[in-house]
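Those protein sequence lines, which keep their order, are chains H and S.
Throughout, this note's numbering is defined as the position within the first sequence, counted from one, plus 41.
Throughout, this note's numbering is defined as the position within the second sequence, counted from one, plus 2.
Just so you know, the hints here were simulated from the structure itself, not pulled from any lab data.
Okay, the calculated bits of chain H under chain S, using three or more residues with CB under 8 angstroms as the criterion: (1) 81-91; (2) 94-108; (3) 147-155.
Straight-line alpha carbon distances no greater than 20 angstroms define the calculated DMTMM-like cross-link-like pairs of lysine to aspartate or glutamate that follow: (4) S:24 x H:82; (5) H:112 x H:98; (6) S:24 x S:66; (7) S:51 x H:140; (8) H:85 x S:97; (9) S:51 x S:97; (10) H:85 x S:11.
Beta-carbon label-pair distances, calculated as ranges: (11) H:93 x S:71: 37 to 47 angstroms; (12) S:42 x H:100: 18 to 28 angstroms; (13) H:93 x S:11: 37 to 47 angstroms; (14) H:94 x S:113: 34 to 44 angstroms; (15) S:64 x H:100: 26 to 36 angstroms.
Virtual Cβ for every residue (Gly too), placed ideally from N, Cα, C.
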Amino acid sequence: NAGVMQNPRHLVRRRGQEARLRCSPMKGHSHVYWYRQLPEEGLKFMVYLQKENIIDESGMPKERFSAEFPKEGPSILRIQQVVRGDSAAYFCASSPAGDSQPQHFGDGTRLSIL
Amino acid sequence: AQSVAQPEDQVNVAEGNPLTVKCTYSVSGNPYLFWYVQYPNRGLQFLLKYITGDNLVKGSYGFEAEFNKSQTSFHLKKPSALVSDSALYFCAVRDILGTGKLIFGQGTTLQVKP
Numbered sequence: 042n043a044g045v046m047q048n049p050r051h052l053v054r055r056r057g058q059e060a061r062l063r064c065s066p067m068k069g070h071s072h073v074y075w076y077r078q079l080p081e082e083g084l085k086f087m088v089y090l091q092k093e094n095i096i097d098e099s100g101m102p103k104e105r106f107s108a109e110f111p112k113e114g115p116s117i118l119r120i121q122q123v124v125r126g127d128s129a130a131y132f133c134a135s136s137p138a139g140d141s142q143p144q145h146f147g148d149g150t151r152l153s154i155l
Numbered sequence: 003a004q005s006v007a008q009p010e011d012q013v014n015v016a017e018g019n020p021l022t023v024k025c026t027y028s029v030s031g032n033p034y035l036f037w038y039v040q041y042p043n044r045g046l047q048f049l050l051k052y053i054t055g056d057n058l059v060k061g062s063y064g065f066e067a068e069f070n071k072s073q074t075s076f077h078l079k080k081p082s083a084l085v086s087d088s089a090l091y092f093c094a095v096r097d098i099l100g101t102g103k104l105i106f107g108q109g110t111t112l113q114v115k116p
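Here chain H stands alone, though its shape is the one from the complex (with noise of 0.2 angstroms):
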């Protein structure tokens, strides 16, 4: 069974530009959540999301970042017009139906801006 799949591992962008992370999650998950782990810090909700549908964005800043999971591919994770205080770890996790189901966590992307 192939585990949640994120990628890029790193990615390096500079001032201004746009990043996109993408989370396939495990075979049979329907419900995609994303965290942000900054440096000396621990993890912190972002938003979750179910097919084709937002359910909880409550840990999304409300501005440049956004979330999708399309009924076809991969979740995204967007963030427009990055600065430098968007350097983090973004992990995803993934889980079937059930709030006493673990969530199973990607390796996650390592975002740099220069």
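Based on the hints, put chain S in the right spot on chain H.
What follows is chain S alone, placed relative to chain H:
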């Protein structure tokens, strides 16, 4: 508001000795608790969970955790530490009253010395 606290930034133990990584929580209702481990430049790996039932939960790699409702704690334990257990450990509670996101503690670095 729901929260998780890991009071120790770092725990140091000698190989072969027992280890404990502490976690306390604050939730409304019954907690769904999880422990994850993170190795450098990797994602989080699920270790174990407490949903209901026995207060002592057994998980992967010989780890176990003890749920204590009166002390609102969920400490991670292992009878005999290995050098390979050295990593960053996260305790998390699932937001079951909301949309199921994980709320993480700040993490505890475990250092096991030979």
